[in-house]
Structures are given as structure tokens and as C-alpha cells.
Amino acid sequence: MRKFKEFIIEKLVLLCGFASIIFVGLIFLFLLREGLALFKTAGPFNFLFGKNWYPISEPAQLGILPLILGSLLVTVGAAVISIPIGVGCAIYIAEIAPIKIKEMLKAGIELLAAIPSVVLGFIGMVTLVPLVKNIFHLPTGLTALSGSIMLAFMAMPTIVSVAEDALYSVPKNYKEGAFALGATHWQTIWRVELPAASSGILAAIMLGIGRVIGETMAVMMITGNAAVIPHSILAPVRTLTATIAAEMGEAVVGSEHYFALFAIGIALFVISFAINVTADLFLHRDE
Amino acid sequence: MVKFEIHDLNIWFGSLHAIKQVTMEIQSNEILSIIGPSNSGKTTFLRTLNRLNELNPRYKISGAVELEREDIRRLNIELLRQKVGMVFALPLPLPLSIFDNVAYGMRMHGEKNRKILEEKVRETLEKAYLWEEVKDRLAESAFKLSGGQQQRLCIARALAVRPEVILFDEPCSGLDPISTAKVEDALVKLKENYTIVLVTNNVKQASRVGDRTAFFLSGELIEIDRTDKIFTAPRDTRTDGYIRGKFG
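Protein chains in written order, with this note's numbering: chain C, 1 to 287; chain U, 1 to 248.
Bound-form chain C, shown alone:
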């Protein structure tokens, strides 16, 4: 009897262990089945590099280049803002801040991570969007720049906490070694600690960017949702994620439009998978 119980529990735990892999596998299979159906009627080249996204015109034009560029623009913008601030913040917390301020900052960062993205989006809508509009004298403040700034806030907690861990785990000896040679605090940070923590910091950046690419709600609310090729960061854009979220409800099940949205899903899946794998490679580079 006891043996039987043992057996059942063991198998249950095993099932839990494999559940996540099974789910990922199933999701990917489903995405592939629905998404690849598109390519019976449309060429993959036209899909990826088509300049027009008019899913409900006759005939439908399903080119996602404007959406890819939209995602890219917002992501690059967010990276440019969040990487220096995030890494700087991590350096301050790990190296310079006195213990009390350190605790306070860490709590603040965790709080920032805990804010639901829809709330951030809505705060951005009422504060950031008018601000961008007024500063640059634009007809609308719903631009890629607004999205980048908002997403930078979302990427920061990930970047800061992972980069801080990386800096913290640099052997204390390196620091002492550099100090003993007469290095100043900044020379030690710049020449010894940052290079020693570089793989962890790169991983932090990749994870932050992964978060930005996958983000949907906030970008949908504040980037303007215009599916045209953007010519500047001050133009409205629409991202891959926002397109799926906005149009899935209206697409007729089984239509070309419906399959195209799944194909966008595949593209997103591939992108974020690539980013996660890169981050992982950086994290385990030394092993």
C-alpha cells in the first residue's frame, strides 16, 4: 500500500515537472497549425516584408513589415533609455549606496515591477502623452517615443535586479586586488567589476528587452496604433503584440486575417525565444 502511494506521488510530481514543457510544446504546435495555414494562400516573403497591413480590405493585404518596424522602434527606444539608467542604478545599489538607501531602492524597484502594465499604460496616457505632445509640438502625443519611455520603466526592474545580482557576485577579492594597486573606486568599478560581471549584465539587458518586446497593454494604449511604416520616433506606431490584441476579437475564425494573426504570434514567439536563449548563453558563458 505504501509503495503504491509512493508510486502515485512520484508520478504526479513528475507530471508537474514536465507540465511546463508540455504546455510550451502544445502552444507552439497550435500556433504553428493555425499560423502556417496562412501560407497556403499568401507567400511568407510577402507576409514578412509586405509594406501594407490592410487585413479587411478586398483582397486583404497582410504585410507585417510596419508592425515589425513598430515593435523594433519602440524596443530600441526603450533599450536606449532603460539600459544606461538600469545599469547605473545597479552599480549604485551594488557598489556605492549605504545600506539604508540600498534597502529603500531595492524595495522601490520591486514595487515598480509589481505595477500592472495596464496601470502604467493609463498613467502614461494621462501624463506622458500630453507632455510629449507639448514638448515636440505634435498633433498627437501617441507616439513610439511615449511607448519607449513607458516600456523603459517596465524593463528597468528586470535589468536592475539581475545586473545587481551579477555585480554582487563578483568575487570580493577582485575589488580588494584593484584597490590594493591604488585604483580609485570608479576605476575599480569600470575596469574590474563591470568586465567581471559583463555576462550577467548582458543577460539582464536581454531579459529586459524580452519583457519590452512581449509587452502589449501599455504599448497599445499609448503608441497610437497606426499600422504604417514609421519615419521617426515621434510618429505613431503599432507593434506586433498590439495588433494581435486589438484585432483577434474581430477576425473571423478561419479567415486569412485570423491565420495571419497567428502567424504574427509565431514571429513573436521566435523573437522572444531567440532573446531568451541569448540571455541564457550569456548567463552560462563561463560554465
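Misleading hints may appear alongside valid ones.
[Stated by the list, open to error] What follows is a set of in silico ranges between Cβ atoms, one per label pair, in the way DEER data are often shown: (1) C:Asn-276 / U:Ser-218: 48 to 58 Å; (2) C:Ala-97 / U:Ser-28: 38 to 48 Å; (3) C:Thr-127 / U:Trp-12: 50 to 60 Å; (4) U:Arg-107 / C:Ala-97: 24 to 34 Å.
[Unchecked claim] With the C-beta cut set under 8 Å, the calculated list includes, among others, these residues of chain C facing chain U: (5) Glu-176; (6) Gly-177; (7) Phe-179; (8) Ala-180; (9) Leu-181; (10) Gly-182; (11) Ala-183; (12) Thr-184; (13) Gln-187; (14) Arg-191; (15) Pro-195.
Calculated directly from the structure, the hints in this document are not laboratory data.
Think of the CB as a built atom: it goes at the ideal place given N, C-alpha and C, for glycine as much as any other residue.
Position chain U relative to chain C; hints supplied.
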């Protein structure tokens, strides 16, 4: 000539009284060995001389430490650490190439000329008895060297910034006897141009290379004298007990 003068030195880490009322001198161009059991304050004392203890926020100090009659707390800290170099117990190459490890300190102090750097790197590696072994592989990672070679690389790195004093914190504790002998050879040779303070757990090492030897116990300086005197006729029975291996 007196290099370091230490008066009534007391050190605490929080409530732990690590160094108690130590008064002593360190002469120029001598090798001063510091021996004593674990937790006797040897390393703490050593790290006082280049103010490395100050990285610990619970550190408190009273008394005076003077380098050539100047209070080290009034010296610019980076300048002090350039004059008073240090080699640690575990060889600590930075995650750089062999060349860059030695050039690191010089670059940090502003030397950019590649020719001068190359010359100095060669010169210091020769002084550390390492040049012959590494001259063809300067671009390789320092981690590829053996433990003994890494330790001599660290000595070269310390020499490269032109110190006057070099502090050695148990430099041979992780090395095999042959590597140890090589490091000791380097030490004796270095004495001509540098003042050397050597903390060691190896009593025999102190008797081999030290001009004078200081014995620390529980944070107190029990005895300091010429090495031959300490090892043949110590004044304190506790010193006698330690060097005969009765405790510690």
C-alpha cells in the same frame, strides 16, 4: 631607516577588539615576518598598513600609523596604496591577459605609451622570476597559468606600480613546495629595493626569509626581534611554545 612607525595601535571590527595596543617599527629594506596562530590579528595588522580594512564599514582605529613620519590617514589613499603594494593569499589574477594584468596598475596611474608599458611589463616579470616562463604567451588569459605562476604574476603586478613597501599576506599558503621556493627566492631578491612585510602561517618560512620576526597572539604583539634570536632564544614562553609547535 625607519619606514613604518606604529604607536599604540588599536583596531575594532564592531565589538571585536582585533589589534590591541601594538607599538613597533618596520625598517627599510628588511623582510619582516609576522607569525602567529589564526585569528591573532596578523592579516588585520597588514591590511592596516595600506588602509584596506576601511572597506569594512564596522572598522574603527585608534593610535598612529606613520609612513616615513607622515600619518597614513592624512595621505591620499590611492597614493598610499601605490607606495604600499600588496600580494594576497590566493593568487588573484584579474580576468585579463597576462600582459594586461601587469600593465593594469600602470595604465590606471595614467601610463598609455605602449612601448614603455611593454618594457616595464618585461622588467617586472623578470624581477618576479616569471618572464622566462611566460614571454611567449603574454596574450593568453592569466587563468591559464599554474597557481605558483599566478602568484608570481601578482607579485609582478604589484611591482609594476613602483611601490616602496610590499605586503605579503600568506603568499604561499596555496602553493606546492617548489612554487613556494620560487616565491621565497623572489622575496629575498626583492628586499634589495623594497621593504617587505610577510604574514605567514609557516613558521619555517619565517625562519628562512625573515630578517626580523614579530609574533602576534590574540591581537597583541608578544615579541619582535631578529629572526635568529626569536628562533633560538625567545624571551616569551608563548613565542617559544608557538615556534616549537606546541599550539597554533
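Comparing the hints with the structure gives:
no.: 1; hint: C:Asn-276 / U:Ser-218: 48 to 58 Å; in the structure: holds, 54 Å
no.: 2; hint: C:Ala-97 / U:Ser-28: 38 to 48 Å; in the structure: holds, 41 Å
no.: 3; hint: C:Thr-127 / U:Trp-12: 50 to 60 Å; in the structure: holds, 51 Å
no.: 4; hint: U:Arg-107 / C:Ala-97: 24 to 34 Å; in the structure: holds, 28 Å
no.: 5; hint: Glu-176; in the structure: holds, 6 Å
no.: 6; hint: Gly-177; in the structure: holds, 5 Å
no.: 7; hint: Phe-179; in the structure: holds, 6 Å
no.: 8; hint: Ala-180; in the structure: holds, 4 Å
no.: 9; hint: Leu-181; in the structure: holds, 4 Å
no.: 10; hint: Gly-182; in the structure: holds, 4 Å
no.: 11; hint: Ala-183; in the structure: holds, 5 Å
no.: 12; hint: Thr-184; in the structure: holds, 6 Å
no.: 13; hint: Gln-187; in the structure: holds, 5 Å
no.: 14; hint: Arg-191; in the structure: holds, 7 Å
no.: 15; hint: Pro-195; in the structure: holds, 6 Å
Hint check: no violations occur; every hint is consistent with the structure.
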